[in-house]
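Asks: Next come the chains, spelled out residue by residue.
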Amino acid sequence: MIPACRLVDLPRGEAHRLDIDPPVSVFHTDDGEVFAIDDTCTHQDASLADGWLEGCEVECPLHASKFNLKTGSVDAPPAKLPVRTHQVVIEDGMIYVQLSTDAPNLPPCIAARLAGGPA
Amino acid sequence: MVGASLAGLSAARSLRQQGFDGRLVVIGDEVHRPYDRPPLSKEFLAGTLGEAELALESDDEDLRAEWLLGSRAVGLDRTDRAVRLADGREVRADGVVIATGAAARSLPGSEGLAGVHTLRTLDDARALRDELARGGRLVVIGGGFIGAEVASTAYALGLDVTVVEVAPTPLAGPLGAAMGAIVSALHADHGVRLLCGVGVKGLSGETRVDAVLLEDGRTVPADIVVVGVGARPCVEWLEGSGVVLDNGVKCGADGRTSLAGVVAVGDCANWYDPRAGLHRRVEHWTGARERPANAVATLLAGGAVEPAVPRPPYFWSDQYGVKIQFAGHAAAADSVTIEAGAADTRDVLAVYRRAGDPVAVLGMNQPRPFMRWRKQLAAATS
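As they're listed, the protein sequences go chains A and B. For the first sequence, our numbering assigns the number 1156 to the initial residue and increments by one for each residue that follows. For the second sequence, our numbering assigns the number 50 to the initial residue and increments by one for each residue that follows.
The set of hints was computed from the structure by calculation and includes no laboratory data.
List time: in silico BS3-like cross-link candidates among lysine-lysine, alpha-carbon distance up to 27 Å: (1) B/K91 with A/K1221; (2) B/K424 with A/K1225; (3) A/K1221 with A/K1235; (4) A/K1221 with B/K424; (5) A/K1235 with B/K91; (6) B/K372 with B/K91; (7) A/K1225 with A/K1235; (8) A/K1235 with B/K372; (9) B/K424 with A/K1235; (10) B/K424 with B/K372; (11) B/K372 with A/K1221.
Could you build all of it, start to finish, from the sequences and the hints given here?
Replies: Rendered as structure tokens:
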């Protein structure tokens, strides 16, 4: 498990980005729930931590794709592939993320870079 | 559903999401299933994104709709809400969503001249992509967003590019003159010539264009010309139908038209903006995606619902590797200030205000603060 941040340091409505590869973001919803998903939009290179958090959804800051934080599913285009979701554990006021072992759905430009090809 | 692009598809999705389980017919004049247009001037034109990736529907999506594609609507009969098609067929409906979009304006006198393009549809983009791949000298007529994006893409492909803009400053309409100047300076940064304040007199060439003739007497040699001078709403088919037209379909604040059971969405729809007290035809991707939900709610409730307030208009553009984002209405502003970044480094975050209150925000490579301002704008206007 990866320690993310303390719960008191992540106000409701805010997101915290973990600079791992690929990056993961932790969201604290207005209802007080905490979720972790891949930070990179599956459509193009954009950080979902910079997105519009509303209810249990985050909207990509660039092209307005919407992802369900609980399931990772796409609720609005142009993205078509879901983001990975990760398990969140809160212990003694600390948020931990258990990374998914599924393959990430990264946008074509990032996937090419990770594969060692041209960005 | 008359129109099978983003606005029509979004309306079809909203109908199903809001519980409509009746017969759904989607009429589209293009032969293609709904596809995403923003990449047509960017990644698709550059050849880095294929046609399959433009599809807006997901593979497992089933809207239980009948698709009449390659069928142009030519009339609407108000008595039984029958949509007449060019091939003589007729589709009667209890409710009609008008989503016929807009068409690229062309340059009078350029018809039939090879090498002259507009860019609106997938077929347009295919033709232009094939020509750009051969290289040469490109002249873009119009320094708006489509023109600027085509110039940026063509520059990256190695073409020699000139942009001609009739106004003194490109993008002054959507961004205001000060910010329009900063954003359009991206052209010169990359060696793309920008000629402002000069109109186009005509094109020269026998069967294929060879130059653009300017009103000040200059001649700009060209192998390819792209005409990016805006779009006109596709509403001719509604003339005489009883649907009131005024810069597109004149609509209420929720997309309702002058006819019961008929709503309009997307680029062809001139919605009333109650906060501004005027009608606005918002030609943005996000409007075509978000507003159909409001219009469909109105349609299903027979107009008996309080219209939801649309978010401030938002659009983006990618030019020369810079992500440009804009939300709100620049025309309403009496001041604009750069709050972060700088004009020289092409990374401004600029806030537009009217009497001290923010009415719009522009970002160049500033996604995080841009989003904060965009949310603040929405909160202030909802």
